[in-house]
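S.K.: Now for the letters of each chain:
There are 4 protein chains.
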Amino acid sequence: MKPVIVVNYKAYYPQSFGENAVRIARDATRVYSELKGEVELVLAPPYTEIRRIVEEVRGTGVKVFAQHADPVEPGAVTGFIPLEGLVDAGVKGVILNHSEHRLKLADLNMLIKKAGKLGLETLVCADEPETGASAAVLNPTYVAVEPPELIGTGISVSKAKPEVIVRSVELIRRVNDKVVILTGAGITDGLDVYAAIKYGTSGVLVASAIVKARDPYSVIKDMAVNALKATRGQ
Amino acid sequence: MKPVIVVNYKAYYPQSFGENAVRIARDATRVYSELKGEVELVLAPPYTEIRRIVEEVRGTGVKVFAQHADPVEPGAVTGFIPLEGLVDAGVKGVILNHSEHRLKLADLNMLIKKAGKLGLETLVCADEPETGASAAVLNPTYVAVEPPELIGTGISVSKAKPEVIVRSVELIRRVNDKVVILTGAGITDGLDVYAAIKYGTSGVLVASAIVKARDPYSVIKDMAVNALKATRGQ
Amino acid sequence: MKPVIVVNYKAYYPQSFGENAVRIARDATRVYSELKGEVELVLAPPYTEIRRIVEEVRGTGVKVFAQHADPVEPGAVTGFIPLEGLVDAGVKGVILNHSEHRLKLADLNMLIKKAGKLGLETLVCADEPETGASAAVLNPTYVAVEPPELIGTGISVSKAKPEVIVRSVELIRRVNDKVVILTGAGITDGLDVYAAIKYGTSGVLVASAIVKARDPYSVIKDMAVNALKATRGQ
Amino acid sequence: MKPVIVVNYKAYYPQSFGENAVRIARDATRVYSELKGEVELVLAPPYTEIRRIVEEVRGTGVKVFAQHADPVEPGAVTGFIPLEGLVDAGVKGVILNHSEHRLKLADLNMLIKKAGKLGLETLVCADEPETGASAAVLNPTYVAVEPPELIGTGISVSKAKPEVIVRSVELIRRVNDKVVILTGAGITDGLDVYAAIKYGTSGVLVASAIVKARDPYSVIKDMAVNALKATRGQ
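Which chain is which? The protein sequence lines are A, B, C and D, in order.
Counting in numbering that gives the first Met the number 0, the first sequence runs from 0 upward without gaps.
Counting in numbering that gives the first Met the number 0, the second sequence runs from 0 upward without gaps.
Counting in numbering that gives the first Met the number 0, the third sequence runs from 0 upward without gaps.
Counting in numbering that gives the first Met the number 0, the fourth sequence runs from 0 upward without gaps.
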C-alpha cells in the first residue's frame, strides 16, 4: 500500500492560519503531483481554515481531515464539533483521540461507527502500543501510536524508542490485519519517516516540523521521497 | 443604548452551514441597513463557517462572534478553539458558557480577561439570575440569562418566566452597572423581543427561530423592528 | 472457574449507606458461607462506606471493590479518588469505566496498569461488545458488557438482548482468552443470572435488584444458587 | 467573629489515611478544647476517612467537611459524590471548586443551593480576587482565595502576595457583606495565619503544613494561637 504522511496543523501556531495555511496546502499538492500520487498526503488544519484548504486541494488527491470531532448528535450543541458539520465543510476524515484531546472509550467507538456511516475516514491516536491495539479493535481506518513525552520535542520516536513502533505493529496486528498503522511524535525529517516505515508502519503523523518550517515544501518533499524509498525497500 | 439581537447558528442544524449560513448573514445585513444600524446584529456561526460569514458582512456593521472558545493557550492543543485562532479568523467577539457548553468559573474568568486583551467582546450565558450576577462580576461585555428548560422550546422566557428577566436585571445591576444584559431561551418572534426589552434588558439571544426559519429576513426584521420600538418606549 | 456476582451499591440510594449497607454485606457473607465459597461475591459500596464494609467482610472471602478511581497520581488532587487511597482503605479491586462514569481510553489503560502494580483487580464496564473487546486488550481482570439503555430498567440483557452477550463473548475471546466476562444491565433475579452464564459469561454485575430489595439475602441467594446451577451445567 | 482554620487532608498523602488521619483529628480537638472553642477548626479528610473522623470529633465542636461534591442527583451515579451521600456520612459542610477540582459556574450554583437545603455549609475556593467575588455572589458560607501558583510551595500568599488578600476582601465585600473570607496557598505557620487575618480575612485554608507535619498538634496550636491574637488585635 501507499505510504502516508499526515500533517497536523495543530489548533494554533501563527503559521496554522490564513495565507500560511494555504501555502502548506499548495506545497503538499505540489509534492503529491511531483510524486504522481504515490504518497498519500493528508492535511489537518484548524476548523476555521478547513473550507479554504478543502478548496485549495480540490481535485488534487490530497485529503483534508479535521483535528477532532465531539461525541455529540446534531442539534443543540453550541460550540461543539459534530461529525455532520465536518462532512458539510468537506473533509474526508477526522483525527480522533489525539494526545492533546483524548476521548472516552465509548465515545471513540460511537464516533468511529458514525464516521463510517457518514463516509469519513478515522485516524485514532494512541499513547502506547496497548492503547493502539485497543483502539484497533474498533476498526478505524488508521491508528497512530505517539508516545506523548516525545510530541513536540523534535526527538523522533523512530530514533528514541524504535521498540515502541515494533511493539505497536505486533500488538495491533494481533487484533486487526487491515488498519493502517502510523508512527508519530517528534518526527523531524525524511530519515525519521524512512525509519518509521522500515520498522513496520505505513507512515507518519507530523506537526511542527512541517507547519513551522521556513520552507514546508522541502520538508514535505524530503519526507515523501523517503517514505517512498522505504516502502519500495530501497 | 442600541438594542441587540444575537443569532446563535448552533453547532449543527442543516441550515447552519453553506449557502443557508450565508443567506442568513445577507438577510441580517439587509435588516441592519434598512434600520440604519440602530439595532446591533451579531451572528454566531459554526467554526467552519466563520470566515465566509466574516467575508459576507465585511464593512456592514453586522458583527460575527464565535460560539465558544476553549481555555487553552496557543500551541499544542489539537482540535481545540483558542481565542487567538478566532481573532485570526476575524470574529469581533465570542459567546462563553452557553448552556450547552458550560465553563468552569476559573476558565470563564481567564477567557474574559484574555479576550479583553485581544480586543474581543464577550457574551456570557447564565442559567439563572444568580449565575448571571456571578458572571457579571467578571466584567464581560454582555450577559445573557437563559433558563435552560426553555431553550429550544419556542416558549419564550418573556412569556413563561418574566420574573426571571426582572430578577436578572436586579441582581446583575447590583454588581455591575455597565454590562449589557440580554434575554434568551425560547425567543420566537418580535413580541418576545419587545417584552425582553420592556422587562429591562437590552435585547435577545436567539437561535432556531431565525436559523430554521423559511424566511430568516422576515423574522430578523420583525425582531429588530420590535426591539427598536421597545427601546424607544413605543 | 467460579461464577461471580458483583453488587454495585451505586453512589446514592438511601439503602447504599449506613446500617443497610452493612446489612447487605452481612447477607452476602451469609450466602457466601452457605454456598461454601463456590460463588465469588464482590461488593462495591460508596467511598464513605468502604471501610465499614471491608471490616464487615474481613476473613469471609467476600471481596470489596471501589466503584471508580480517578486517573491521578497521589498528591495534590483534592477530592479525587487515587488508587493508592483505595488500597489504603482496604479494597481488593476497582470498577472502571462504568456507564455512569466513563473514562478516556488512555486513562483506562493507565489505571489498569497501575492497579495491577498495586495488587488490585480491575472490572471494566463496556457499553457494547466492540468496546468490551477493546477494553479486554488492556488486560483487566473482568470485563462487564452492559447496554446502557437497559441499566436500571429491570429488563435484563439476558432476556432483551441475548445476542449482545453472545457477541461480547465472541469478540472478547478473539483478543483475550483469560479475562473473566460478566453480563450487566437490568439483572433482576436468578433466572437472569442463569441465562447470563448459559450464554457464555461467568456472572453478573447487578445493582438495584439487590441494593433496593426488602430482603437482599433472598435475592443474593437466588442469584448465587442459579449461578452455581448454570455453571455446573444443570 | 471567630477565626477559622480549615485543614485540607488532600486526596492522597500517605499521612491522609488511617491512624495518622485520626491523629490529626485528635490533635485538632485538643487544640480546640485548649482554646475553649474560640478558634473554629474544620477538617477535610478523604472520602474513605470521613466516617472515622466524624466519629473521632463527635461532640467536640470541631467540624468535618468533604473535599468536593459532584453536581449530580442521587441515583444512578456510580462512583460520584452526591451531597446526599455526604450528609449521610455525617459531614457539616463541603469544599467546592478547589483549585485542583474546579467546577462549572452553573454547577457551583446548583451545589451551593442544594447544600443549603441539606443543611451543609459551603467553602468555595477561587484563584483570584475576581473569581472570589464572582463566587461570593452565589452566597456560600466561606470563600477562600488561593493563588494556584503558590499552593503547595510553602511560600504563603500572606508573604508573597499580600495585595491579593487585600484586593480579595475589597472585591468580595462589594458584593457580599456576610460571607466568611479565608486566605489560602502556601500557609506554613502561625505568622502566615496572623498576617492573613491582619490583612482582613477570617482565617486560612491549609494542607501540607499540618497534614505532613511530624507533630500536627504543634502546628495547629501555633496557627490557632496566632489566629486568636490577630483577631483580638494583639
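Please note that the accuracy of each hint is not assured.
For identical chains, the list gives no copy identity; a pair is met inside one copy or between any two copies.
Stated by the list, open to error - Simulated pairs of lysine-lysine, BS3-like, Cα-Cα distance not exceeding 30 Å:
id : residue 1 : residue 2
1  : K211      : K116
2  : K103      : K35
3  : K113      : K103
4  : K116      : K160
5  : K197      : K116
6  : K220      : K103
7  : K228      : K116
8  : K113      : K160
9  : K228      : K103
10 : K177      : K1
11 : K228      : K112
12 : K113      : K35
13 : K113      : K211
14 : K211      : K177
What the hints contain is simulated information worked out from the structure, not anything from laboratory work.
S.K.: A separate judgement is required for each hint: does it hold in the structure or not?
M.R.: Here is how each hint holds up against the structure:
1. K211 to K116: between (35 Å within a copy, 25 Å between copies)
2. K103 to K35: neither (39 Å within a copy, 40 Å between copies)
3. K113 to K103: both (15 Å within a copy, 19 Å between copies)
4. K116 to K160: between (36 Å within a copy, 23 Å between copies)
5. K197 to K116: neither (33 Å within a copy, 34 Å between copies)
6. K220 to K103: neither (36 Å within a copy, 36 Å between copies)
7. K228 to K116: Neither. Shortest intra-copy (35 Å) and inter-copy (43 Å) distances fail the 30 Å Cα cut-off.
8. K113 to K160: Only across copies: K113 and K160 sit 22 Å apart there, 34 Å inside one copy, limit 30 Å.
9. K228 to K103: The answer is neither: 38 Å in one copy and 37 Å across copies each exceed 30 Å.
10. K177 to K1: within (13 Å within a copy, 37 Å between copies)
11. K228 to K112: So K228 and K112 fail the 30 Å test inside a copy (34 Å) and across (38 Å) alike.
12. K113 to K35: neither (32 Å within a copy, 46 Å between copies)
13. K113 to K211: The answer is between: 25 Å across copies meets 30 Å, while 33 Å in one copy does not.
14. K211 to K177: neither (33 Å within a copy, 42 Å between copies)
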